[in-house]
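2 protein chains.
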Amino acid sequence: MNKIPKTVSRRLGLYHRCLKNLTSSGKRNVSSKELAEKLGIKSSQVRKDLSYFGAFGKRGVGYDTNYLLEMVERILGVNKSWSVVIIGAGNLGHALANYDVLEKNGFYIVGIFDNDPEKIGQKIGNLTIKDIKEFREFVKKNNVEIAVIAVPATSAQEVADIIVESGIKGIINFSPMTINVPKGIIIEEIDISIPFKNLTFKLTGNEFRSA
Amino acid sequence: MNKIPKTVSRRLGLYHRCLKNLTSSGKRNVSSKELAEKLGIKSSQVRKDLSYFGAFGKRGVGYDTNYLLEMVERILGVNKSWSVVIIGAGNLGHALANYDVLEKNGFYIVGIFDNDPEKIGQKIGNLTIKDIKEFREFVKKNNVEIAVIAVPATSAQEVADIIVESGIKGIINFSPMTINVPKGIIIEEIDISIPFKNLTFKLTGNEFRSA
Chain A
0 MNKIPKTVSR
10 RLGLYHRCLK
20 NLTSSGKRNV
30 SSKELAEKLG
40 IKSSQVRKDL
50 SYFGAFGKRG
60 VGYDTNYLLE
70 MVERILGVNK
80 SWSVVIIGAG
90 NLGHALANYD
100 VLEKNGFYIV
110 GIFDNDPEKI
120 GQKIGNLTIK
130 DIKEFREFVK
140 KNNVEIAVIA
150 VPATSAQEVA
160 DIIVESGIKG
170 IINFSPMTIN
180 VPKGIIIEEI
190 DISIPFKNLT
200 FKLTGNEFRS
210 A
Chain B
0 MNKIPKTVSR
10 RLGLYHRCLK
20 NLTSSGKRNV
30 SSKELAEKLG
40 IKSSQVRKDL
50 SYFGAFGKRG
60 VGYDTNYLLE
70 MVERILGVNK
80 SWSVVIIGAG
90 NLGHALANYD
100 VLEKNGFYIV
110 GIFDNDPEKI
120 GQKIGNLTIK
130 DIKEFREFVK
140 KNNVEIAVIA
150 VPATSAQEVA
160 DIIVESGIKG
170 IINFSPMTIN
180 VPKGIIIEEI
190 DISIPFKNLT
200 FKLTGNEFRS
210 A
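So the sequence lines, in the order shown, correspond to chains A and B.
Take the first sequence: its position 185, counted from the start at 1, is 184 in numbering that gives the first Met the number 0, and no numbers get skipped.
Take the second sequence: its position 156, counted from the start at 1, is 155 in numbering that gives the first Met the number 0, and no numbers get skipped.
Pulled out of the complex, with its shape left as it was, chain A reads as follows (with noise of 0.2 Å):
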């Protein structure tokens, strides 16, 4: 299989997610032009795209969904499951918590923290949330490999230096705060008034519009 070009990787999450709906409403084929609609892209594109995973359609039939949902999973790391934990237990924390989509694509809630003394010991779902103090040890005797950080902005780096101190190498950063970490360590970092912006800059439809 040939490396993946960046441009391609960055819509793996977009077939992932159109091929999970397609299997889940049980079809078993689908056309490049159906899902470059889906996508919003050229079917051109999904073809050479697809090219890439090793899939081939057959014309007329078109492409194996379960077969290309396998090689999306696989070349996404989602084919295994990650444990994962939240810093954080306010409404954000909360709402991830319980998102079922995040389960359903492998990625297990295994510890929710906080450091308000109101909050530790309380229920969300199954978990209870857990004193800040105690995570590094659950970190080591949890395998935990994927981080959320869903704390105030002024709260961010702190928390980020936490998590790295416990040797977790993945981070979700959802506060509004660029943080820093050493080399080796991966964030994503979610804005949530970013969409927001996007859809505001396509509303507003002005003499700064791209073609």
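Be a bit skeptical, because a hint or two may be false.
Within a straight-line C-alpha distance of at most 25 Å, the following computed SDA-like cross-link-like pairs (lysine to any residue) qualify [claimed, not checked]:
id, chain 1, residue 1, chain 2, residue 2
1, B, Lys201, A, Val163
2, B, Lys37, A, Glu188
3, B, Lys26, A, Gln156
4, A, Lys103, B, Asn179
5, A, Lys37, B, Lys26
6, A, Lys103, B, Asn197
7, A, Lys37, B, Gly166
8, B, Lys37, A, Glu187
9, A, Lys37, B, Arg9
10, A, Lys37, B, Thr153
11, A, Lys103, B, Ile186
12, A, Lys19, B, Ile189
13, A, Lys182, B, Ser43
14, A, Lys5, B, Thr177
15, B, Lys201, A, Glu72
16, B, Lys5, A, Leu38
17, A, Lys182, B, Thr177
Note that these hints are calculated values from the structure, not bench results.
Just so you know, these numbers come straight off a predicted model, no measurement behind them.
We have chain A already, so just place chain B on it with the hints.
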């Protein structure tokens, strides 16, 4: 001002976030190198991007952060405030209604709706959860411009239809389902599992990884 290429406009939200942080920390000037490090791109790219905004740094001084922020806000359409409603008063709806980053960026949550009789009438901060049956009238009265779908996947299309019927042109879709809307309606989709997949793609570091 020249038209802004799509590749640049995708980075607008990142510039905006970065410049907000810089100005609120009192920083008056910033170099392309500093911006590049924060965004994880090359400083030559930053200089090129910013030239589209009509901003040119001075050697040894850099860019005026306040001016740059103002330009980016004008381009993004966030120099005005937007009225936003949320549909779905679950954990995600709660998290969004309390997410102060939205308000800081000019996105004001003016209403939250649900169809669950147990939720209707409850308070989230200053907002009272309203019956979805009142949606259309509320949108008209309050000039609502953006609706957020924060319901389970199975209800997403139904909710989208209600939003479109109300005359709202901008939708943020947090449900893991791709929804169909007529032309002229702009949708931004957010699947919270996608950043997790991007992260594991990078963590697995397998033979598929691109350079």
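Which numbered hints turn out to be false for this structure? 5, 17
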